[in-house]
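Visitor: What follows is each chain in one-letter form.
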Amino acid sequence: MNKDIWIIAEHFENRVRPVTSDLVAFARKMGGEVKAVILGHPVKPLAEDVAQKTGCEVTGIDSPGAAVYNSEVYRNLIKKLCERNQPRYLLVPHTPLGWDFAPALAVDLGYSSISAVTDFNPENSTFIRQILNGKLLEELKSPPGCSAVVTVMPGSANPEPDNTRPPGSVKILEFESPPVKTRTIRYLPAKPGTVNLKDAEVIVAAGRGLKVPERIELIRELASLFKRGAVGASRPLCDQGWLPLEHQVGMTGATVSPKLYLACGISGALQHTMGMKNSSLIVAVNTDRKAPILQVAHFCVNTDLSKFIPVLIKNIRKFRG
Amino acid sequence: MKILVCVKQVPERESRFRLDPSGKGYSDQGINFVLNPYDEYALEEALLIRERLGQVEITALSLGPARVEKIIRRALELGADHGAHILTPESYYLGPGETALQIVKFTRERGFDLLFFGIISEDYMRGQTGPMVAALLQLPFATAVVSETISDDLGLITVERELEAGAREVVELPLPAVLTIQSGINRPRYPRLTDKLRARAQKLEVITGLEPLPPGRCAELLRAFFPPPSPAGTFITGALEEQAEKLIRIIREKTDVL
Ligand SMILES: Cc1cc2nc3c(=O)[nH]c(=O)nc-3n(C[C@H](O)[C@H](O)[C@H](O)COP(=O)(O)OP(=O)(O)OC[C@H]3O[C@@H](n4cnc5c(N)ncnc54)[C@H](O)[C@@H]3O)c2cc1C
Ligand SMILES: Nc1ncnc2c1ncn2[C@@H]1O[C@H](COP(=O)(O)O)[C@@H](O)[C@H]1O
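One line per chain: the protein sequences are R and F, in this order.
Per the working numbering: the first sequence = residues 3 to 323.
Per the working numbering: the second sequence = residues 4 to 261.
Same shape as in the complex, but just chain F (with noise of 0.2 Å):
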C-alpha cells in the first residue's frame, strides 16, 4: 500500500506578524517556521496503519520555497520513507485551487491508495486543499477524520469523521481515498535518533516548474490587513496585586458569583 501525506511549513503558532511589502501576506523575515499541527498528526496516523499493516510506503510531499525543505526532513525523521519537494518561488503566492493541481500532478502514476492532508493549515486556514484534491482525481474522501479502520482486503476504509459539539458519522470509502485529518486522533511520536540520522542523509525528490491553472478559477487576493483594535477589552493594569483586586471588583460589579 501507498500512502501520500501533504505536509505543510507554517510559522510557529506564538509568532508575530508583519505584513510583507506586496501587502497581501505576512512576511517570513525572523518566523520560525514549523510542520503544520494537523498534518502532524496525518503523518502519525500514515505511520500507524504502516505499523499495523506493514508493506506501507510512505511519501511526504510539500509545496513552497526552499525553507520548506526542513519540514520534508522532519516528516523523514518521523518516519516517512520518501520525501519531495515541489519547489515554488519565494514569496510566492499559492491560491487553494494551484496548490491542489500542483498536488494532483504529483500523484499521476505513483498509484498512492491513500492521500492524507491536514483538515486545515494553520497559515492560510483553508480547508481546501484535500477536498479539491479529492474532486480533482474523482476520488472519494471524508474530512475531519478522528479514526479510521481499512479493511482485510485493503479495499475499504471505514472512518469516524467529526461533527459538531462532540457528534461524529461513520463513513465508508473505498480505496483509493483522500482524507483530511482532525486533530486528536492520535498522539503523534518524536523522532529517533536513527531516523533523524536517516533522514539528514536521505535524498529528496525536488519538482520544479507549476502547472498552470485554468483561468477564472481562483479568487483574486486583494490584501491582507491587522484585525481592528478591539471594540470592547480594558487592560487591567498595575503590579499583581493591584491586578487581582482590580478583576475581584470587576466580578462583583457585573456578576453575583462572588
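Excised from the complex, chain R in its bound form (with noise of 0.2 Å):
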C-alpha cells in the first residue's frame, strides 16, 4: 500500500461535476499526493478537464459499460485499479452516485468503509462526521495499515479556483465492460415547478416544528408579507404531502440563496443546510436552543413558532402600515 490519496471525480452529460473540485480540496487538507480517478466513455475529454482544473495527475478508465454510471461497473474497474496499485484512502463524494457504489466498493477491496464525513484531523488522521442528524458528532480512524473507502460530504472542503496550479499528467486505460446484473434505463430530469424558490427574495421554510399541518397557513401568510416571497419546506414536509415537491429545500430538493431565509421548526440536517446555507440572511425559529441549524443561522428566535409567527406577521403588518 502507498499513501495515494485517491479522489473519484463525477461527471454527467459530459461534464465533470463541481463536487469534484470539494473532493480534490478535501484531500489535499489531508495532505499526501493526490490523484484523480475518473470513469466514462469516451473519458479522455473529461480527465483532460479534471487535470486542467484541479492539476491532479489524472488516470481515465475508458470503457463503454462506463458511458452512464453503472455500480457494478464502477466497482469492478476500480478494484482493478486498486489491484494494481493499492491506496491509502479513496474518497468518493457522497453523493447518490457516490454512496451507491461506495460500501460496496469497500466491502469488495476489503477496506474499511467511513461515509459521509465533513472534515479531517490531521492530527490523529482521523476524520469527523455527524449522527443523530447532526447533534453528535463522531471521530473514526482507519487503522494503519489499513485502507479505506471514505465518503465525503459535498460542500467539507473550499475548493480552490479553477487551474491555479498547472494541469496534471493524464493517463488513459481501456478497459472492456464488465458484465453486470444492473442496468441503467434512463435518466428522468426534476420535473419543472411552479413555485420558483430560485427566484424569491424572501423563503419562509416550514419544518416537522410545524406540527400541524394547519400551520402551514400561517407560514404562506407570512411569506404573502414580502414582495418576492415564497414558501419553503423541510423533506418530511413534503414526503407526507403537507406540501408539493417544488417547496423543498435541500439536496433532493432545490438550492437556493435568498436574502432572508426563515428557518421555522427545522432543525438543520446537513441535507436540508446543503441547499440554503448561502441565504444572506438566515433565522431560526426553533424551540430547541441546540438545534443544528443554528450552525448556519445568524439568528435564532427560540421560541415556539404557532405563537411567535403570528405575531411576527401582525408587527410586520403595523410598520407597513
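Calculated from the structure, these hints are not laboratory results.
Be aware that one or more of the hints could be misleading.
Distance condition first, Cα-Cα at most 30 Å in a straight line; then the derived DSBU-like pairs of lysine-lysine [said to hold, decoys possible]:
1) R:Lys292 to F:Lys257
2) R:Lys82 to R:Lys183
3) F:Lys27 to R:Lys31
4) R:Lys200 to R:Lys320
5) F:Lys5 to R:Lys183
6) F:Lys108 to R:Lys143
7) F:Lys249 to R:Lys279
8) F:Lys257 to R:Lys309
9) F:Lys249 to R:Lys261
10) R:Lys261 to F:Lys257
Make the complex out of the two chains shown on their own, each in a separate frame, by following the hints.
Guide: Here it is as C-alpha cells:
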C-alpha cells in the first residue's frame, strides 16, 4: 500500500461536476499525494478537464460500460485499478452516485468504509462525521495498514479556484465492459415546478416543528407579506404531502440563496442546510437552543413558532401601515 | 415471494442526548426509541407488494440489545409475517461491516427474493448497510429507491432511484435484489387492532452469538462529541412582541426586503 489519496471524480452529461473540486480540496487538506480517477466513455476529454481544473494527476478509465453511471461497472473497474496499486484512501463524493457504490466497493476490496464525513483531523488522521441528524459528531480512524473508502459530504472543503495549478498529467486505461446484472434504463430530469424558489428574495421555510398541517397557512401568510416571498419546506413535510415536492429545499430539492431565509421548525440536517446555507440572512425559529440549524443561522428566535409567527405577522403589518 | 425488511431501532427525532460512559456514543438512558422512519417506508413498500402480488412472506429483522424487541413487534403490528432478533450485548457498538455480516449470515438458506433496507438509519446515518449486504451476497442493488414495479414473471424489479434536486434514474435489476428505500416512496400505515393483538402474542426468532468480522475491515471509532457552539448565531431575546420588533429591525438593517 502506498500513501496516495485517490479521489473519484464525478461527471454528468459530459461535464465534470463541481463536487469533484470539493473532493480534491478535502484530499489536499489531508496531505499526501492526491490523484484523481475518472470513469467514462469516452473519458479522455473529461480526464483532461479534471487535470486542467484541479492540477491533479488523472487516470481516466475508459470502458463502454461506464458511459453512464452503473454501480457494478464502477466497482469492477476501480477494483482493478486498486489491485495494481493500492491507495491509502479512496475518496468518493457522498452523492447519489458515491453513496451508491462506495460501501459495496469497500466490501469488494476488503477496505474499511467510512461514510458522509465532513472533516479530517490531520493530527490524529481521523475523520469527523455527523450522527443523530447533527446533534453529535463522531471521530473515526482507518487503522494504519488498512486502506479505506471514504465518502465526503459535498461542501466539506473550500475548493481552490479552477486552474490555479499547472495542469496534471493524464493517463488513459482502456477496459472492456464487465458483465453486469444492474441496467440503467434512463435518466428522468426534475419536473419543472410552478414555485420558483430560486428567484424568491425571501423564503419562509417550514419543517416538522410545524406539528400540524394547518400551520402551513401561517407560513404562507408570512411569506405573502414580502414582495418576492415564497414558501419552502424540509423534506418530511413534502413526504407527508403537506406541501408539494417543488417546495423542498436541500440536497434532493432546490438549492437557494435568498436575501432572507426564515427556517421555522427545521432542525438543520446537513441535507437541508446544503440547499440554503448561502442565503444572505438566515433566521431560525426553533424551540431547541441546540438545534444544528444554529450552525448556519445568523439569528435564532428560541420560541414556539405557533406563538411567534402570528406576532411577527402582526408587527410586519403594523410596520407597513 | 419472500421479502426481508431490516428494521432498526433509533432514538425519537426530538431526543436530547448525553454521551454514554464509553464516550463513543450516546447514552440510551431516558431515550424514547422508535422504528427508524426510513425503515417504516421500507416495510410499507413490502406490505404494498404483498397486497399487489398475494403469496408474499415478509420477515422483519433487527439487530440490537433486548430493547429492540419493541420495534420488531411494531413491524409485526404493521403487518410483517415473521419477526427475528439478532441479540447483541447491551451498549455494544455495531460497526457497519459487522452489522452487514450478521444480516448476511441470517439470510443464508432462507431464499429471500428481495432485501429491503432504509436508505439511512437516523442514529448512525451511515447509509452503508444495504449496499454492503448486497456486495457480500453478490446481489444487485439500488439505493434511494422512490418507486418500484415487479415484472409479471417475478424475475425483474424496475426502480426509480432519486438523484439530486428532483432528478431520478430508472434502473432494472434481476431478482434476488437489494433495495434501500428513500422516504416519501409511500405513506406508511397505522396498525390495525387485530394485527396489534396478533403481534403481541407472536413468537420471535431470537438469534444469539455474533459472527466475528475478519480483521482490518473496520474503521476504529475513537469518540463521539457535541459540535462546538455555533460560531455565528445570536439569540433574539425578550417577550414575543419584543422579539418580533427586534427581528424586523435586523431584517431592515441587513436586507432591503422590508
Ligand atoms: C439522501 C437524503 C436526502 C435528503 N434530502 C433532503 C432535502 O433535500 N431537504 C431536507 O429538508 N431534508 C432532506 N433529507 C432529510 C433530512 O436528513 C432530515 O431528516 C430533514 O431535513 C429533517 O426535517 P425537519 O428539520 O423538518 O425535521 P426535524 O429534524 O424533526 O426537526 C424539527 C425541528 O423543529 C423544532 N420544533 C419542534 N417544535 C417546534 C415549535 N413548536 N416551534 C419551533 N420549533 C419547533 C425542533 O426543535 C426541531 O429542531 C434527506 C435525507 C436523506 C437521507
Ligand atoms: N442494527 C440494525 N438492525 C436492523 N437493520 C439495520 C441495523 N442497522 C442498520 N440496519 C438497516 O440498514 C439501513 C441503513 O442503516 P445505516 O447503514 O446504519 O445507515 C437501516 O435503515 C436498516 O434497514
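Visitor: Are the hints correct? Go through all of them and say.
Guide: Now for the hints, and whether the structure bears them out:
1. R:Lys292 to F:Lys257: holds (24 Å)
2. R:Lys82 to R:Lys183: Roughly 18 Å separates the two Cα atoms, so the pair holds.
3. F:Lys27 to R:Lys31: holds (25 Å)
4. R:Lys200 to R:Lys320: holds (29 Å)
5. F:Lys5 to R:Lys183: Cα-Cα ~20 Å, so holds.
6. F:Lys108 to R:Lys143: holds (27 Å)
7. F:Lys249 to R:Lys279: holds (22 Å)
8. F:Lys257 to R:Lys309: Judged against 30 Å, a Cα distance of about 24 Å means the pair holds.
9. F:Lys249 to R:Lys261: holds (18 Å)
10. R:Lys261 to F:Lys257: At roughly 9 Å apart (the allowed maximum being 30 Å), F:Lys257 and R:Lys261 satisfy the hint.
In summary, this structure violates none of the numbered hints.
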